[in-house]
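Two chains, each in its own frame: build the complex with the hints.
Same order as they appear, the protein sequences are chains Z and R. Note that this note's numbering has the first sequence beginning at 1, numbered continuously upward. Note that this note's numbering has the second sequence beginning at 1001, numbered continuously upward.
By construction, these hints were calculated from the structure, which means they are not laboratory data. For every residue, glycine included, the Cβ atom is placed at its ideal position computed from N, Cα and C. The hints are all genuine.
Which residues of chain Z face chain R? A partial, calculated answer using Cβ under 8 Å:
1. Ala76
2. Ile80
3. Leu88
4. Leu90
5. Pro91
6. Val163
7. Ile174
8. Arg193
9. Gly200
10. Val208
For reference, the chains in residue letters:
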Amino acid sequence: MGAAPSAADSNCLVRNEWICAEYLSSRASQLGEAVVQHIWITVLSVLLGLLAALPLALLARRYRRLEWFVVGATTALYTIPSLALFSLLLPVTGLSASTVVVGLVLYSLTILVRNVLEGLRGVPADVRESALGMGYGSARLLFRVEIPLALPSIMAGMRVATVSTVALTTVGAIIGFGGLGNLLFEAVNTQFRPQVLTAGVLCVVLAVAFDLLLVAMQRVLTPWSKAQVTA
Amino acid sequence: MIGDLWAWFGDPANMQGEEGVWNRLVEHSLLTVTATLIAVLIGLPIALWLGHVGRGGVLAVNISNVGRAVPTFAVLLLLSIGPLGTADLGPYGRAGLATLVALVLFALPPVITNAYVGMREVDRDTVEAARGMGMQGGQLLRRVELPLAMPLIIAGVRLAVVQVWATATIAALVAGPGLGRIITLGFRRLDTVQVVAGALVVAVIALLLEGLMTGLQRVGDPVARARRTSASATAGRAR
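Excised from the complex, chain R in its bound form (with noise of 0.2 Å):
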């Protein structure tokens, strides 16, 4: 199998063309960014005035369920029958809009749900306490609340890449773009090794994607980056 899986990948009639793995590649990637900035400019600025005020909890948590409740083949096969059709749409390939149109609709949950409980769950009292320093409105929101809220709101664009990444691959059963084609095609042609290439080169990437998005959380966290800084700043203090 994994010499079978070694000339698959050598073979240039595998790589190349409008079938080839980088093809697929650039279209699969183009549409994970693509929509996760869609759902990130939509969803980010809803949750966190939702936040911000303290409204529509029920909604911003629900979200989530119902978003792993509905299948994702289920609402790209209805948009792509339905009135947004399997045209191609430039390098988003063939079902280019459907697909991304159901990408960012389940790009949305994780980034309402997490940003949204961020928001709530920055502490009260530090609030109130930058409240008592004279702080409102916006300038509360942009130095206490979105800084502390920072690796919720991380986390939940890091689940929505995942989740985003999962569904451009389940394009391909309803023969739209992306790298799920290159499995879809090993199926039809009963080519098992193609199949697991296929699959192999979509779960890769995505692991090496969550681990560059955790990675970032913790870049992004500024809790965990003071300790850092104060925790070197008394290293050399000892030294």
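Next comes chain Z alone, as it looks inside the complex (with noise of 0.2 Å):
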């Protein structure tokens, strides 16, 4: 203090302050590139692990006895840690992107498998029998009406499924691919306040978009229903 301050003394880089514009502006094209990579890893996971959900949920629905192997398994994975998650996949998919993800998509089961079970479940007796006296196939059931007909359940889970997936992304830092967690691991050497408040901000501002953008589709996919924007 005292001394009138000098040109590096007015940068809050300098000075390592938590709110910094001067972070925002000199290290955009970094921020840009994690966070393309958050979205395109969540995204992909969520993605993969509907795809996923589906048939085990049928084979739930399906056979009594794999209901509880398949929900009970579903559960156990949830319980692992993250980090344990992914290092127990490290020797099978190596240090590549495929670790994180794979290990997201086995976390987004969990809730998936669940909602698209309590979806199909719900789907009234009568409006089945009436599609299958309509001369309506398997298939063509389960796309045309019971799939239809589980969108707010499925849609429910696809939220929590989202936004746990946002914030679980950065522990892929681990192995290089965690998004806005690369930022956040490589703040943990450099003690650097503006990136790890921008990363984590922007990691929950991440988890709202797409939750409000789920919402928006819900309401375009279910125009019968209202979307409860708490869900």
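Put into structure tokens, the structure is as follows:
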């Protein structure tokens, strides 16, 4: 203090301040890359999760004994900490994005299988009967009647799965594929405060943006039922 | 791989000392128990009161959604390079305070949301009947609402334990304490066997904890317990 502030002192990057506009402007491209990676890892994981959850839920619905197994196994997976799950996958998938994506897919199954199953179970029996009476085959019944009616439950599951996937993706930084988590991981050594705060806040913003997008999608997909904003 | 793992666990150098499995296990367990207890002591009274008076539902339910959206890694890092620092905290190890605070923050949402929902889902007719029998305030809470909400309250604690165990693992990413250190050290040494060995310890105990808490949930459900005892009583009569 005392002396007139030099150019360096007036720079919030040098002073390592939490909130720093110069950080945003000078590292825009790095931030952009991290956000893009975060988004594709999240979207790919949740979509693959949904793709895997559908047949699993159908199997569980068809065979009672498998239901116990499928729901139990996906719940057990969820209790395994993310850092440990990625690490257990390491010998199989190596230091690649697949390790992170496979781990996140496994996590999303917990909520998605349950919600798809619940949604399919919620289809009224008489609706199914009338569709069959109209000559619907089982595939057409599934895609034209059952899945559309199960959509509110499926979309509720997608929202929860997506929001938690955005947060979990950060841990992928240990493999080098953590999106914004990579910036956090870098800051462990550099102690660079604006980077930590910016990356953390951007994660939450991403989660909220995905959630709003899914609510909007649900409104479009199920115009007959009003989507609940607070599920 | 399995042979390598066997050899890894058989080597005392990996098990003992500050970096060894036993020390990290003690840190991790202490962190989990302490954080869960603090979260229950803070969160449960708030949730029970809110549930009892039927207020603050939006807050109690949405706090879990918020908790889900915030990355644990970011919070651990914010706290440890922020005011709480990375100083050692007794048996809790490096960055013990920052880790504990982060763990409590992430244990609170499931405790509060589940206890609140449990209280609100107590059958209103039952509460009215208890009122009609002259129960009020604290008595109503202790003898009717609390026992009936117990399964969900314990479910909340179960989720909190799972969450805390997982978050404590991530503490290692910010050079904090716990079993995650074995994993991060393995990554730094490019030692896949060590990474998998550490992950195995973390995962197996997580599954054991989940099983233990699920058992506790079953024991703590008064309705199911009553059904079991009445069922065995009926069976006794039939014999």
